[in-house]
Amino acid sequence: MRVACLAVPLFPLAARLRSEPELLAEAVAVVAGNGPTARVVVASRRARQRGLRPGATLPQARALLPHLLTRPRDPECERAAQEALLEVAERFSPRVEDGGEGEVYLEVSGCEHHFRDEHPEAALARALLAAAQREGLPARAGVAGSKLAARVAAGLTPSPRIVPPGEEALFLAPLPLSRLTPELELAETLHRWGIGSIGELARLPAAEVASRLGEAGQQLHARARGLDPQPLVARVPPPDFREGMSLEWPLTSLEPFLFLARTSLGRLCRRLDGQGLGCARLEVSLRLEPDGFCERSITLPAPSRDVKTLLTLVRLDLERDPPGAPVGGFTFAARPDRPRGSQLTLFGPREVPPDRLATTLARLFALLGPERAGTPAVPDGHRPERFALVEFAPPPPPRERPAPAAGRGLLQVRVLRPPVPLEVLVEAGRDGAETPVEVRPAPGEEAGRLAIDGRVRVASGPWELEEGWWRGEPVAREYWDVELEGSGIYRIYRDRERGDWFADGVYD
Amino acid sequence: MGAPLRKSHRLLHRAPSAGLPAELRAHLSPARELLDSPSGQEELFASGLPALDRLLAGGLPRGMLVELRGRQGSGRFSLVLALLAAATARGEAAALIDLGGQLDPERATACGADLSRLLWVHPHTTREALAAAEIALAGALPLVVLELGLPPIPGGRGAEAAWLRLARAARGHRGALLVSAPYRASGTAAAEVLAARPLQGEWHGAGPAPRLLRGLALAVEREKSRRHPQPETVELVLRAAGWEAMAADPATAERRRRPLSLAGRVTTPFPRPSPPSAGKRREPPAHFSRLLASPLSSARGPAGAARP
Numbered sequence: 001m002r003v004a005c006l007a008v009p010l011f012p013l014a015a016r017l018r019s020e021p022e023l024l025a026e027a028v029a030v031v032a033g034n035g036p037t038a039r040v041v042v043a044s045r046r047a048r049q050r051g052l053r054p055g056a057t058l059p060q061a062r063a064l065l066p067h068l069l070t071r072p073r074d075p076e077c078e079r080a081a082q083e084a085l086l087e088v089a090e091r092f093s094p095r096v097e098d099g100g101e102g103e104v105y106l107e108v109s110g111c112e113h114h115f116r117d118e119h120p121e122a123a124l125a126r127a128l129l130a131a132a133q134r135e136g137l138p139a140r141a142g143v144a145g146s147k148l149a150a151r152v153a154a155g156l157t158p159s160p161r162i163v164p165p166g167e168e169a170l171f172l173a174p175l176p177l178s179r180l181t182p183e184l185e186l187a188e189t190l191h192r193w194g195i196g197s198i199g200e201l202a203r204l205p206a207a208e209v210a211s212r213l214g215e216a217g218q219q220l221h222a223r224a225r226g227l228d229p230q231p232l233v234a235r236v237p238p239p240d241f242r243e244g245m246s247l248e249w250p251l252t253s254l255e256p257f258l259f260l261a262r263t264s265l266g267r268l269c270r271r272l273d274g275q276g277l278g279c280a281r282l283e284v285s286l287r288l289e290p291d292g293f294c295e296r297s298i299t300l301p302a303p304s305r306d307v308k309t310l311l312t313l314v315r316l317d318l319e320r321d322p323p324g325a326p327v328g329g330f331t332f333a334a335r336p337d338r339p340r341g342s343q344l345t346l347f348g349p350r351e352v353p354p355d356r357l358a359t360t361l362a363r364l365f366a367l368l369g370p371e372r373a374g375t376p377a378v379p380d381g382h383r384p385e386r387f388a389l390v391e392f393a394p395p396p397p398p399r400e401r402p403a404p405a406a407g408r409g410l411l412q413v414r415v416l417r418p419p420v421p422l423e424v425l426v427e428a429g430r431d432g433a434e435t436p437v438e439v440r441p442a443p444g445e446e447a448g449r450l451a452i453d454g455r456v457r458v459a460s461g462p463w464e465l466e467e468g469w470w471r472g473e474p475v476a477r478e479y480w481d482v483e484l485e486g487s488g489i490y491r492i493y494r495d496r497e498r499g500d501w502f503a504d505g506v507y508d
Numbered sequence: 001m002g003a004p005l006r007k008s009h010r011l012l013h014r015a016p017s018a019g020l021p022a023e024l025r026a027h028l029s030p031a032r033e034l035l036d037s038p039s040g041q042e043e044l045f046a047s048g049l050p051a052l053d054r055l056l057a058g059g060l061p062r063g064m065l066v067e068l069r070g071r072q073g074s075g076r077f078s079l080v081l082a083l084l085a086a087a088t089a090r091g092e093a094a095a096l097i098d099l100g101g102q103l104d105p106e107r108a109t110a111c112g113a114d115l116s117r118l119l120w121v122h123p124h125t126t127r128e129a130l131a132a133a134e135i136a137l138a139g140a141l142p143l144v145v146l147e148l149g150l151p152p153i154p155g156g157r158g159a160e161a162a163w164l165r166l167a168r169a170a171r172g173h174r175g176a177l178l179v180s181a182p183y184r185a186s187g188t189a190a191a192e193v194l195a196a197r198p199l200q201g202e203w204h205g206a207g208p209a210p211r212l213l214r215g216l217a218l219a220v221e222r223e224k225s226r227r228h229p230q231p232e233t234v235e236l237v238l239r240a241a242g243w244e245a246m247a248a249d250p251a252t253a254e255r256r257r258r259p260l261s262l263a264g265r266v267t268t269p270f271p272r273p274s275p276p277s278a279g280k281r282r283e284p285p286a287h288f289s290r291l292l293a294s295p296l297s298s299a300r301g302p303a304g305a306a307r308p
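Protein chains in written order, with the numbering used here: chain A, 1 to 508; chain B, 1 to 308.
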């Protein structure tokens with residue numbers, strides 16, 4: 001079995017710089033602890049060149065580098081970077097083990113066939129490094145017959161380092177014993193024995209080492225001989241994708257938050273894209289200052305990995321329901337799902353791709369609000385102005401295009417919402433029934449609305465309408481269809497309760 | 001070996017229709033021509049109204065902005081709904097950007113529209129409407145109708161640059177775009193312009209009320225077209241809902257007379273019209289009878305021809 005190890009040196013710093021790439025050229029240190037007791041965990045190359053070493057206190061670091069930028073260790077950044085590293089490895093091999101703290105092992109037996117190169121394993125390792133670099137993680141790689149040898153090889157420069165099959169012991173022999181990371185007590189004992197390199201330990205008799213150093217010594221001796229008893233344990237892919245960061249200063253306005261959210265969502269979408277997945281539901285967790293969390297969930301009409309769509313939905317959700325406190329950190333978790341492609345067809349109408357439909361609806365919601373776009377529906381009742389909007393989810397188109405049918409050529413009515421108030425002159429007939437004879441805009445009607453004015457040429461009615469009396473919302477109207485001279489045909493009604501006239505439709 | 005190869009080579013370069021009967025040959029097209037033609041029959045959105053489809057040379061084309069103008073009561077909205085109904089009934093998704101929200105879903109269903117395939121959007125201003133139409137086109141919706149409602153248009157006509165941008169979006173996304181406006185709005189962006197004007201509302205019955213709205217006769221003129229520059233005018237009749245059913249079933253005409261123009265509950269006795277008799281009944285005007293006699297429509301000559 002051939003194992004590759006992908007390791008990110010100075011992982012806490014690399015994870016932080018992945019989230020804040022603008023700090024790449026600066027002298028930066030990641031610190032642990034608070035106040036004067038804070039100590040440098042890891043520092044960037046520029047800071048190390050000025051003499052800053054891990055373990056220095058913050059005042060010592062400031063004395064060396066007055067303009068040093070410091071960042072606390074961010075578990076969110078490190079967790080997201082580790083996930084990204086695992087996903088890089090999963091693009092190359094289905095068997096990947098999480099080594100923790102910026103280390104990933106993957107079984108590469110057989111994978112080298114995908115690389116047409118004189119040294120396919122080296123080409124594979126270079127491709128691994130390039131993929132990690134694209135994720136913002138500068139990594140090193142090693143390939144060997146065991147996890148241990150691969151890890152040690154990954155720690156050496158230049159990278160990648162390939163250990164030929166069967167030569168693990170030969171590769172490890174000249175290296176110092178510290179590469180095996182022995183326990184401190186064991187290391188002191190071996191130092192007293194004069195053992196300085198891995199090869200010197202490997203040459204000792206195994207039984208004698210076991211009798212003097214116990215089980216730990218026996219395991220260390222086996223590792224020194226290139227034997228790694230720990231098999232590669234492939235991990236189960238995580239069911240969700242998370243990206244986020246802790247903010248140095250709490251945010252109180254939306255725009256800066258969205259600026260940061262865009263980069264996080266971009267990383268999230270790239271990770272989803274790498275797995276061929278889309279986000280079906282986005283869960284947003286906001287850490288509020290001084291304490292508390294605000295959790296919200298945004299369901300998408302169809303799985304999508306479009307950053308603009310996700311950002312628009314986050315913006316809409318926050319505008320509709322602000323968190324009510326400064327935000328000190330955030331996490332986006334995507335519930336993944338396979339994106340639904342549109343069904344290709346030879347003979348039927350083309351289906352609108354669901355992911356593009358989701359994007360379209362999200363953009364329309366952002367422009368107009370969710371209550372102003374959807375599929376029209378007919379609620380129960382008789383009032384002509386009634387309507388309802390439901391979610392637009394068109395059914396799949398027919399497999400074959402139906403033959404064009406002749407249209408009915410029906411005269412439609414434009415419904416005036418709200419109805420236009422009118423002043424109507426009526427004339428009583430012989431039987432006492434009143435008929436509209438002239439229509440004018442109601443006094444005080446706002447300017448700029450539809451002007452309905454003129455003598456009635458033909459009137460048809462009354463058509464009476466009653467509903468809602470059983471609900472306590474009675475509607476009683478007398479409808480007329482009237483054609484005005486030189487204008488058009490309108491549907492007007494008189495409210496029988498108040499006696500007011502309105503126009504609620506135009507035959508058009 | 002060489003002779004059979006030369007023979008097959010000659011066969012490949014022969015006209016594919018050679019040897020076929022003339023009536024079949026007329027319907028054949030080389031595949032290369034089909035690939036090159038941007039608007040085959042599948043690319044057109046027919047309305048199902050022969051007169052309107054004739055003006056549109058078969059239907060609404062993809063990749064173009066077509067404007068339909070007409071003042072209130074010109075039948076413009078009915079033509080828009082006919083196009084949407086025909087497209088959704090064939091299984092196509094469509095968007096109606098309805099400035100003013102004037103759609104009656106019940107009447108649209110009666111017209112034959114499949115509402116589940118219709119995205120109805122309610123902007124408040126022209127600017128919002130233009131942006132919504134562009135979003136709908138970018139979302140791969142094959143048919144987008146921008147209905148600007150009744151005058152005055154809230155927000156004005158919109159900037160010329162916005163219309164050009166919209167036309168470019170229709171061309172880029174290969175979507176069919178129809179702009180329905182009370183007056184010319186899209187300027188030079190429109191590839192085709194149709195103008196609708198009402199001729200006369202037609203009523204059934206004599207004397208004062210009661211009468212029944214029977215339909216609306218209208219004329220539609222092709223004012224501008226890059227595909228067919230020759231102006232042309234057609235006349236067609238739109239029938240009022242209910243009248244169609246009553247006319248088709250005379251036996252139930254009396255029973256159906258009440259709820260013709262409104263799907264409401266009629267609670268008071270409807271004053272019935274006098275029974276038709278040879279002496280009292282008023283016949284529809286001559287031109288209206290002629291329109292009804294033909295299947296829904298009749299074509300007229302070029303614009304400017306005198307109305308009979």
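These are computed hints drawn from the structure, not numbers from a lab. Possibly wrong hints are sitting among the right ones.
Per label pair, the in silico range of CB-to-CB distance [as the list claims (entries may be wrong)]:
hint: 1; chain 1: B; residue 1: H228; chain 2: A; residue 2: R320; range: 13 to 23 Å
hint: 2; chain 1: B; residue 1: A159; chain 2: A; residue 2: V437; range: 24 to 34 Å
hint: 3; chain 1: A; residue 1: D240; chain 2: B; residue 2: T188; range: 45 to 55 Å
hint: 4; chain 1: A; residue 1: G266; chain 2: B; residue 2: A138; range: 17 to 27 Å
hint: 5; chain 1: B; residue 1: E160; chain 2: A; residue 2: R399; range: 40 to 50 Å
hint: 6; chain 1: B; residue 1: H124; chain 2: A; residue 2: G444; range: 21 to 31 Å
hint: 7; chain 1: A; residue 1: G444; chain 2: B; residue 2: T188; range: 36 to 46 Å
hint: 8; chain 1: A; residue 1: P9; chain 2: B; residue 2: H124; range: 51 to 61 Å
hint: 9; chain 1: A; residue 1: D291; chain 2: B; residue 2: E160; range: 26 to 36 Å
hint: 10; chain 1: B; residue 1: H228; chain 2: A; residue 2: D500; range: 33 to 43 Å
hint: 11; chain 1: A; residue 1: E466; chain 2: B; residue 2: E160; range: 17 to 27 Å
hint: 12; chain 1: A; residue 1: G432; chain 2: B; residue 2: A159; range: 50 to 60 Å
hint: 13; chain 1: B; residue 1: T188; chain 2: A; residue 2: R350; range: 49 to 59 Å
Some chain A residues flagged as far from chain B (calculated, every beta-carbon gap over 12 Å) [as the list claims (entries may be wrong)]:
hint: 14; residue: L64
hint: 15; residue: C111
hint: 16; residue: L186
hint: 17; residue: T345
hint: 18; residue: D508
Computed footprint of chain B on chain A, listed as stretches where at least three residues anywhere in the stretch have a Cβ under 8 Å from a Cβ of chain B [stated by the list, open to error]:
hint: 19; segment: 93-100
hint: 20; segment: 154-167
hint: 21; segment: 221-230
Beta carbons: idealized from backbone N, C-alpha and C, even for Gly.
Now the hints, each set against the structure:
Between H228/B and R320/A the beta carbon distance is about 50 Å. The supplied range of 13 to 23 Å is therefore violated. Restraint check, A159/B to V437/A: a C-beta distance of roughly 44 Å breaks the suggested window 24 to 34 Å. In this structure the hint that D240/A and T188/B lie 45 to 55 Å apart at CB holds, the actual value being about 52 Å. Distance hint check for G266/A and A138/B: the Cβ-Cβ separation is about 20 Å, which falls inside the suggested range of 17 to 27 Å.
Between E160/B and R399/A the beta carbons are some 43 Å apart, a value that agrees with the proposed interval 40 to 50 Å. Between H124/B and G444/A the C-beta distance comes to about 23 Å, which sits within the given range of 21 to 31 Å. Roughly 41 Å separates the CB atoms of G444/A and T188/B, a value that falls within the hinted 36 to 46 Å. Checking the proposed 51 to 61 Å range against P9/A and H124/B shows it holds: the Cβ atoms sit about 57 Å from each other.
Taken as a hint, the range 26 to 36 Å is violated for the pair D291/A and E160/B, whose Cβ atoms sit roughly 55 Å apart. At roughly 50 Å, the beta-carbon separation of H228/B and D500/A lies outside the given 33 to 43 Å, and the hint is violated. E466/A and E160/B have their C-beta atoms about 50 Å apart, which leaves the hinted 17 to 27 Å range violated. Range check, G432/A to A159/B: Cβ separation about 56 Å, and the 50 to 60 Å hint holds.
Our hint of 49 to 59 Å for T188/B and R350/A is violated, since their Cβ atoms are close to 30 Å apart. No Cβ of chain B approaches the Cβ of L64/A within 12 Å, the least distance being about 55 Å, so the stated non-interface status holds. With 12 Å as the threshold on Cβ separation, the claim that C111/A sits away from chain B holds: the shortest Cβ distance comes to roughly 38 Å. Its beta-carbon lying about 65 Å from the closest one in chain B, L186/A satisfies the requirement of being farther than 12 Å from that chain.
Against chain B, the non-interface label of T345/A is violated: not every CB pair exceeds 12 Å, the least being about 10 Å. Residue-level check failed: D508/A sits 4 Å from the nearest beta carbon of chain B, not beyond 12 Å. A count of 0 residues in the segment 93-100 of chain A with a Cβ less than 8 Å from any Cβ of chain B is obtained; the coverage claim is therefore unmet, three being the minimum. Under a criterion of three residues with beta carbons nearer than 8 Å to beta carbons of chain B, the stated coverage of the segment 154-167 of chain A fails, only 0 such residues being counted.
Interface restraint, the segment 221-230 of chain A with chain B: violated (0 residues with C-beta to C-beta distance below 8 Å; minimum three).
In terms of the numbered hints stated before, the structure departs from hints 1, 2, 9, 10, 11, 13, 17, 18, 19, 20 and 21, listed from lowest to highest.
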